[in-house]
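Undergrad: Can you build the whole structure from these sequences, using the hints too?
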Amino acid sequence: MVRTRLYRNGVLEKKGFPIADVSDYVCQPDCTVWFDLCAPSQEDLDSIAEELGLHALAVEDVLNDHQRPKVDMYDSHLFITVYGVHFDEGSLDPVELSIFVTRNALVTVRENDHFEIDKVVERWDASTEMAKYGVTYLLHGLLDYVVDGHFDLVQDLDSQVEELEDALFDDNLRSRELQRRSFDLRKNMVQFRRITLPMREVVNTLMRREPNKIDRAMMPYYQDVYDHVLRVAEWTDSLRDLVGNLRETHLAQQGFRLNEIMKQITSWAAIIAVPTAITGFYGQNVPYPGSGQPWGFWMSTAVLVALSLWLYTVFKKKGWL
Amino acid sequence: MVRTRLYRNGVLEKKGFPIADVSDYVCQPDCTVWFDLCAPSQEDLDSIAEELGLHALAVEDVLNDHQRPKVDMYDSHLFITVYGVHFDEGSLDPVELSIFVTRNALVTVRENDHFEIDKVVERWDASTEMAKYGVTYLLHGLLDYVVDGHFDLVQDLDSQVEELEDALFDDNLRSRELQRRSFDLRKNMVQFRRITLPMREVVNTLMRREPNKIDRAMMPYYQDVYDHVLRVAEWTDSLRDLVGNLRETHLAQQGFRLNEIMKQITSWAAIIAVPTAITGFYGQNVPYPGSGQPWGFWMSTAVLVALSLWLYTVFKKKGWL
Amino acid sequence: MVRTRLYRNGVLEKKGFPIADVSDYVCQPDCTVWFDLCAPSQEDLDSIAEELGLHALAVEDVLNDHQRPKVDMYDSHLFITVYGVHFDEGSLDPVELSIFVTRNALVTVRENDHFEIDKVVERWDASTEMAKYGVTYLLHGLLDYVVDGHFDLVQDLDSQVEELEDALFDDNLRSRELQRRSFDLRKNMVQFRRITLPMREVVNTLMRREPNKIDRAMMPYYQDVYDHVLRVAEWTDSLRDLVGNLRETHLAQQGFRLNEIMKQITSWAAIIAVPTAITGFYGQNVPYPGSGQPWGFWMSTAVLVALSLWLYTVFKKKGWL
Amino acid sequence: MVRTRLYRNGVLEKKGFPIADVSDYVCQPDCTVWFDLCAPSQEDLDSIAEELGLHALAVEDVLNDHQRPKVDMYDSHLFITVYGVHFDEGSLDPVELSIFVTRNALVTVRENDHFEIDKVVERWDASTEMAKYGVTYLLHGLLDYVVDGHFDLVQDLDSQVEELEDALFDDNLRSRELQRRSFDLRKNMVQFRRITLPMREVVNTLMRREPNKIDRAMMPYYQDVYDHVLRVAEWTDSLRDLVGNLRETHLAQQGFRLNEIMKQITSWAAIIAVPTAITGFYGQNVPYPGSGQPWGFWMSTAVLVALSLWLYTVFKKKGWL
Amino acid sequence: MVRTRLYRNGVLEKKGFPIADVSDYVCQPDCTVWFDLCAPSQEDLDSIAEELGLHALAVEDVLNDHQRPKVDMYDSHLFITVYGVHFDEGSLDPVELSIFVTRNALVTVRENDHFEIDKVVERWDASTEMAKYGVTYLLHGLLDYVVDGHFDLVQDLDSQVEELEDALFDDNLRSRELQRRSFDLRKNMVQFRRITLPMREVVNTLMRREPNKIDRAMMPYYQDVYDHVLRVAEWTDSLRDLVGNLRETHLAQQGFRLNEIMKQITSWAAIIAVPTAITGFYGQNVPYPGSGQPWGFWMSTAVLVALSLWLYTVFKKKGWL
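Residue numbers (this note's numbering), protein chains in the order written: chain A, 1 to 321; chain B, 1001 to 1321; chain C, 2001 to 2321; chain D, 3001 to 3321; chain E, 4001 to 4321.
Take the hints with a grain of salt, since some may be wrong.
Stated by the list, open to error - DSS-like, lysine-lysine: derived pairs with alpha carbons at most 25 Å apart:
id, chain 1, residue 1, chain 2, residue 2
1, E, K4318, D, K3318
2, C, K2316, B, K1316
3, D, K3316, E, K4317
4, E, K4317, D, K3263
5, A, K318, B, K1263
6, C, K2318, B, K1263
7, B, K1318, A, K318
8, D, K3263, A, K317
9, A, K263, C, K2263
10, A, K15, A, K132
11, E, K4316, D, K3316
12, A, K263, B, K1317
13, D, K3263, B, K1263
14, A, K316, D, K3263
Worth flagging that the hints you see were computed from the coordinates, not collected in a lab.
TA: If you want it as structure tokens, here you go:
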């Protein structure tokens, strides 16, 4: 499926036309064009770059891994890198999205199809009244979708933290499991910070120095996206604190449990050791009082039972058992 | 009960009139109007928005959860989000309060009725001499109430920290309970920081860029609110430190107690094990000195008692018992 | 005792006159007046406020607790809050001092008499040559005294830290005591930071924006106070580090001691358990070699003693005993 | 092998000529000269310094160890210090590279031959179209190579962290090994930060204040290098967090394992201690029920086996075994 | 020995003349005078202060302890405080050096003779070609010496950290010793930070606002000192990280060793307890199979030896022994 769109004077005129046609529209000032590439080859990119006059460095960055979210300003266009978030078997898998913004064209280049570009299209269609602002409008819808994705993720992380918190004071807690999950959670949070923190700078840069000057009426919408970015960042910081709280409490609990176990060991060891000592006494081959006599047996048994019970109640009262 | 108020030239003229009348007063420059909505529906908000010319984004934010405290500047009005604090069974439950500020109207929108707006009204009535400053005066009273709420909370948290501190060196301390409470406390503090730290920026923004310019005479009052915000922030930071102190000391105590328990175990184990070893000796089926002789019994008993007492005193002196 | 002073053209003219006379002098430009209030009532303050034209908010702050050190600028006067330090049974007890500074009057309001204002007076009398700078001179003497108090405190905390450091490697160390003291110390340091850190801003604000412009000749003296404030702040930060060092080392020591204790337990347990096992062997009711024979006894005893001694030397060599 | 190059008007004219010839070309404005020194002696440097008019302090810095990455601006030239990274038996070994930049000459001075300057030359040859920008072009290729080296290292550290993470939840984990490796890893990261963090300032300084003004067309290339530097810095910070996560989880695991071991000890100790207590009972020299009777033996054995099995199942069910 | 020097037009004219002569030279614009005081009395200082017109506050600071490194600007002179470093039995002993800088005189006041001023003189004599810059030249030599002292110290601390790192994975490690040394090291580092971190501000202030304007030719030399200061600061920060790494690893090791010890205890306890249980069985006074029979003895011994060996091999295989 070819993902292309042509807006003329704020009205959607065409969609799904071949990318080859783009060059026809780009030179018409009343047109705004969008098209999307998914995991393109070097050649695909080169032909696009030539057509739209994109800088070689920007094109190179599309294919290199490990970019950070950023805005690069070139003479005739902007190059933006952001990350969508995607979960793969419990571990965070960021999807790189490269964006070229020229005067009247927006090109999105997805690393793979884990980034659902169709949802961005739905978002555009939900606010067609702003389509007259051209590329600025398209870019806003795109960023809004990306940041909302981050927001959903941070909410998801939050509920994971809450689950762990509930597990913490649950007596059936399985330490190993809790450690594993809090480890994974923290790891995901570190990864997530790497893609979300630089977003502040990205959106801020776009608001302050966009060459296709953002229209005054669009400004609150970008401000709104920026606000969401801040919220995500603050929330992420809180989550760090909460996970820290979780871990420290868990550590303290382990210490506490070790103490409990040691007390139990002592108690039972004493309760078993004392009778052993007494029967040892009555097993001596010396004529102790009652040796070989029935009353010796009763005496031995009485002392043994009495001491064991006494120890049991003592430990019970101290709360060691 | 309808919560509306109309001030004309600094004098309270009417209250409790239907919200529908608001539009009549808003267009009169000598009027200042306030009204309050609690958990309004989308339709309620839309009608208000149309009447006062509020921006769609601001109205949308009212209904979305998880806003951060902030000030949004629109052409004709301000949109402010702050949080009141409310305790629900020991866990902090922030209540979102959305505020629209136009040239001569203040609209408060409460997420639910846990935010007691009547107390704000009392505060307004306590300083009617400033009513002549219109919306600025209403907004000040409102923010002052909100920030005082934060201040009360931080004082409450402080006394909770002190209680835990007292418990820490109490010998009857129940570790589990202390861990639970310090965990909850820290969690509440993290939540609280999220709603209180951005308040600095909120009040600062209002002081520096308010479109309905704050009157010079009102300025110290806003400065006063700002000061309280700073105090809350500093105090919250101190509390973090204090809770950190608490936890680290608690951890050290657990280590200390484990050592104490281990010493006790060793001591008692030795005191019991030694007699066992001796009676074992006298239980051998070999003709040891005194075997089958009464003096063998006395010897055995003497050695056993003497060694046990000696061990007991040794451990007592070392402070292990 | 009434604490009032009147300077005329830099010369102390009167002292101890009734506060009621102040209003006579305040209106004379060549006079500088000081008076002090200790724990005044609302009425006392109101009458003063009226006489000197003090702002209602400032007066209100005097009576509210939990102020932070700050400078408030009003049209006709400054309002300064600082804290003196006082130790009450080992825990820090800050004493609030409110200061009103008008063009030619300085009013000090002490929360209680733990702040020794007479020492400030002594300081003024020690540098009468600067009395010609009027209020600026009085204020300097006052701040200098306050900051020196902070400085003494931080030195005191420093020597407490050193005492704890000495105790740390002392073998007679009582862990419980050390924990208690390091806990208290850290708590005091947190409290102290709250009153000393904002002092930087206080003194800096006074130097940069004082309305009664500081005379060029007085400037180095204020700079000197500022310098002391910085020193206190830096020293406090070092102390935090030192206490952290102390605590972490203490924790490591506890772990180390636990290991030592465990080794001792193992060693002694083995030394006692082995003879028990051997006498058990010789206590069997089966015809083992030497059963019922004198040489059996000697054999048993020899093995038992030999093994015990061997174990003892082994553990001794491993350093476990 | 002599490493020298001469570009004239952006075209590589000569290479491998003796350093002595450099002075002939330096005075020709259309020439750009590069030459490389590896571990030069004081005399080598002095003669170069005289020829190119280098500042004595810069020359001195070349021979001193422990420089930090920096740019020094002298009247007629720049002096830059950066570090290449090289691994020597698992521990990071930074290689100092000193760079002199005059109007039309670039001198590279390597501390030793662990810095592979030939790879820089390859990079230059891969982008000859920019050779017309002279020294700026040479410097860019050099910095690009250095920063890419840092980038490779951080990727390498990342995969080491991942390996340790995989080892963490592996049951065959050898704690000692894991501690050693996480210790080494963290140590390398600390060292690496020292050479990589100041690179931000180095590149930024070059971009903003280069005396041979960077040509507008070269600017995006320097921006690209700067971007890589930021990426390395952010990634390094993430790695710190990940290693922290690793270590804290490892500590919690140790606590967990200690608890597990303690439970096992208790369980087995009880399972062995109980039969011992029972046979002790039946070993008494008193006429207990069944003493000397075959049914006494069956009774003893039955009780012993029953209790042992019961304990085993109890502990199994509690999960202690 | 009197330490005085007189330079006239950049040439050393006299040295070792009495301090009383200084006043003759100070008033000659082509002269630059230096003299040194070691632990002077109040009177010494007062007479100097009068002669050179030094501010009373600066003179007071010389005699007060606990200054922080700083530059104070007075109308006619600068007052600088820096610290030399000196080791006294393993603990850092900073030596205060007060410096007065007038238009053509430099006065150094040493707290005690642990600061070797003669080395500063040697440094001056090593760069006489800059003597024509007068006081600026003297001050540079002095600061250069002080900062190099800091640099030597940080190198020394670095090698101490490395020694501890080597000790960490050494099996003969004595925990107590390691704790003591890492404690001392960290303590010294905290102290050192207090005297070295403010040096950035000191040198920076001198470069930016020196009243005797630094000559353009001297500037790189001050920049060089500043660079060294930054290097010391960055290195100190790395050392903090390394010591943190050291400590955390040491803590993890202790946990690991505790686990090892616990496993050993379990193993040996079981190996001894099982034979005891078996001989207990054969010691019962009931007619068990083989009681009183030689084959009973062989059976008992066989079971006992077999079980013990079996346990030993099991534990060996699990790696617990």
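Undergrad: Take the hints in turn and mark each one as holding or not.
TA: Hint check:
Proposed proximity of E:K4318 and D:K3318 is supported: the alpha carbons are some 23 Å apart, at most 25 Å. Between C:K2316 and B:K1316, the direct Cα distance comes to roughly 23 Å. Compliance with the 25 Å bound is thereby established for this hinted pair. Proposed proximity of D:K3316 and E:K4317 is supported: the alpha carbons are some 22 Å apart, at most 25 Å. Restraint check for E:K4317 and D:K3263: the C-alpha separation of about 20 Å stays at or below 25 Å, so the hint holds.
At roughly 17 Å between alpha-carbon atoms, A:K318 and B:K1263 fall within 25 Å of each other, so this suggested pair holds. Proposed proximity of C:K2318 and B:K1263 is supported: the alpha carbons are some 21 Å apart, at most 25 Å. Under the criterion of a C-alpha separation no larger than 25 Å, the hint pairing B:K1318 with A:K318 is consistent with the structure, at around 23 Å. For the given pair, D:K3263 sits about 22 Å from A:K317 by alpha-carbon distance, which is consistent with the 25 Å threshold.
For the given pair, A:K263 sits about 19 Å from C:K2263 by alpha-carbon distance, which is consistent with the 25 Å threshold. The hinted pair formed by A:K15 and A:K132 meets the criterion: a straight-line CA distance of about 17 Å does not exceed 25 Å. Among the hinted pairs, E:K4316 with D:K3316 is consistent with the structure: their alpha-carbon atoms are about 23 Å apart, no more than 25 Å. Between A:K263 and B:K1317 the alpha-carbon distance is near 22 Å, which keeps this suggested pair within the 25 Å criterion.
At most 25 Å may separate the alpha-carbon atoms for a hinted pair to count; D:K3263 and B:K1263 meet this at roughly 19 Å. The suggested pairing of A:K316 with D:K3263 holds, with an alpha-carbon distance near 19 Å, which does not exceed 25 Å.
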